[in-house]
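Asks: Sequence:
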Amino acid sequence: GRVVRTAAGALAEAEEMKRETYFHGSLPRENVRGILWEEGEFLLRYNDKDSNRGFVLCVRWAEKIRSYKVSVHNDGTFFIRRAQSFKTVRELVNHHLAASSPLADAETPKGPVKILRPAPRSRWELTHKEVRLKKKIGEGAFGEVYIGQLNRKGVWMDVAIKTCKEKTADARAKFEKEAMFQFKFKR
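Counting along the sequence shown from 1, when you hit position 154 you're at 1434 in the numbering used here, and nothing is skipped either side.
Since the hints were made in silico from the structure, they are not lab data.
Take the hints with a grain of salt, since some may be wrong.
[As the list claims (entries may be wrong)] Derived CB-CB ranges, DEER-like: (1) ALA1386 / PHE1461: 34 to 42 Å; (2) ALA1421 / GLN1364: 44 to 52 Å; (3) THR1368 / GLU1419: 33 to 41 Å.
No residue lacks a Cβ here, since even glycine has one placed at the ideal position from N, Cα and C.
Using the sequences provided together with the hints, build the complete structure.
Replies: This is the structure we're talking about:
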């Protein structure tokens, strides 16, 4: 059957997943390799590229990063394997984690791919609830710079915040690449 997904349903599910430490938001595919180091370690990301929008479950298995698109049935349930569907993406992940259930039928040199332990978000990966924009103070190539506040463990502190101007996937990828460069450079 045809898979149908509403924008409102996808946004609601993405909002719900922000609570999970293994959800890394719209993390670019090329950044996954630097996060998943151990066999069976996994994360969930949101692919916001126009042609293939949706959740992707990534796992390191048999020395490779393997990515599985989380699809949606017409009834709104989520699946990786058509025979197993779940009301929420969280239920799908919890099932595969608790039952050590293979993500796909395909065999690898180490057997069927399984998720064994989550790779939590890094300290520097923030949610919208942790940031408040106050006053625009400048503009750069990719976005605007604001004076704002960051909430760390219940304490709000003043910070500078750079936002992405354009909403296209390509612009966001360039913006995130610049942010990763700055993060690595300032270490």
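Asks: Against this structure, judge whether each hint is valid.
Replies: Structure-based check of each hint:
A beta carbon spacing of about 35 Å between ALA1386 and PHE1461 agrees with the range 34 to 42 Å that was offered as a hint. Here the CB-CB span from ALA1421 to GLN1364 is close to 45 Å, well matched to the stated 44 to 52 Å. Under the hint 33 to 41 Å, the C-beta atoms of THR1368 and GLU1419, about 39 Å apart, fit the expected range.
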